[in-house]
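Peer 1: What the sequence shown shows, in my numbering, is residues 1 to 77, in sequence order.
Think of the hints as simulated: they come from the structure by calculation, not from any bench.
Check the hints yourself; a few may be wrong.
Restraint ranges, calculated between C-beta atoms of paired labels, are given here [claimed, not checked]:
id	residue 1	residue 2	range
1	R7	M40	14 to 24 Å
2	D50	R19	26 to 36 Å
3	T41	R70	14 to 24 Å
4	R6	P28	12 to 22 Å
5	D62	R7	13 to 23 Å
6	A8	E58	31 to 41 Å
7	R27	R56	13 to 23 Å
8	R6	R30	26 to 36 Å
9	P29	L72	17 to 27 Å
10	M40	V9	14 to 24 Å
All residues carry an ideal CB built from backbone N, CA and C; glycine is no exception.
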Amino acid sequence: LLGVNRRAVLIDYDREVLRSLLRALERPPRDEAELFAQLMTIRGRDSELDELICARTELEPDLWRGGVERVLTMLND
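Using the sequences plus the hints, can you model the full thing?
Peer 2: Set out below in structure tokens:
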């Protein structure tokens, strides 16, 4: 599975989903259920984010930002 996760198209998709999440942390999304559905598609990149996603943790920047930025940095390397 990790090999599949390294495909460029999936990396680009995951980056876009994470950027959407960062925007949602600044301004709550109109459809939180849709955002969480998108987040479910990127599980497997980071165990901390996976826990937040699966628990549908409230979109509090302090809870999410560190993990999101860590994964984005990893995807950009």
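Peer 1: Mind checking the hinted window 14 to 24 Å against the Cβ distance between T41 and R70?
Peer 2: 19 Å, holds
Peer 1: When you take the CB atoms of R7 and M40, is the distance between them in 14 to 24 Å?
Peer 2: 19 Å, holds
Peer 1: Are D62 and R7 spaced within 13 to 23 Å by their CB atoms?
Peer 2: About 32 Å separates the Cβ atoms of D62 and R7, which means 13 to 23 Å is violated.
Peer 1: If I claimed the Cβ atoms of D50 and R19 lie 26 to 36 Å apart, would that claim hold in this structure?
Peer 2: For D50 and R19 the Cβ distance comes to about 18 Å; the hint is violated.
Peer 1: Could you tell me whether the CB distance from P29 to L72 stays inside 17 to 27 Å?
Peer 2: For L72 against P29, whose Cβ atoms are near 18 Å apart, the range 17 to 27 Å holds.
Peer 1: Just tell me: holds or violated, for the beta carbon distance of M40 and V9 against 14 to 24 Å?
Peer 2: 18 Å, holds
Peer 1: If I claimed the Cβ atoms of R6 and R30 lie 26 to 36 Å apart, would that claim hold in this structure?
Peer 2: 33 Å, holds
Peer 1: Regarding R27 and R56, is the given constraint of 13 to 23 Å on their beta-carbon distance met?
Peer 2: 19 Å, holds
Peer 1: Taking 12 to 22 Å as the hint, is the beta-carbon distance of R6 and P28 inside that range?
Peer 2: Violated, since R6 and P28 (Cβ atoms, about 32 Å apart) do not stay within the stated range.
Peer 1: The hint says 31 to 41 Å between A8 and E58; measuring C-beta to C-beta, is that right?
Peer 2: Check passed, 33 Å falls within 31 to 41 Å.
Hint compliance for this structure: hints 2, 4 and 5 are broken, all remaining hints hold.
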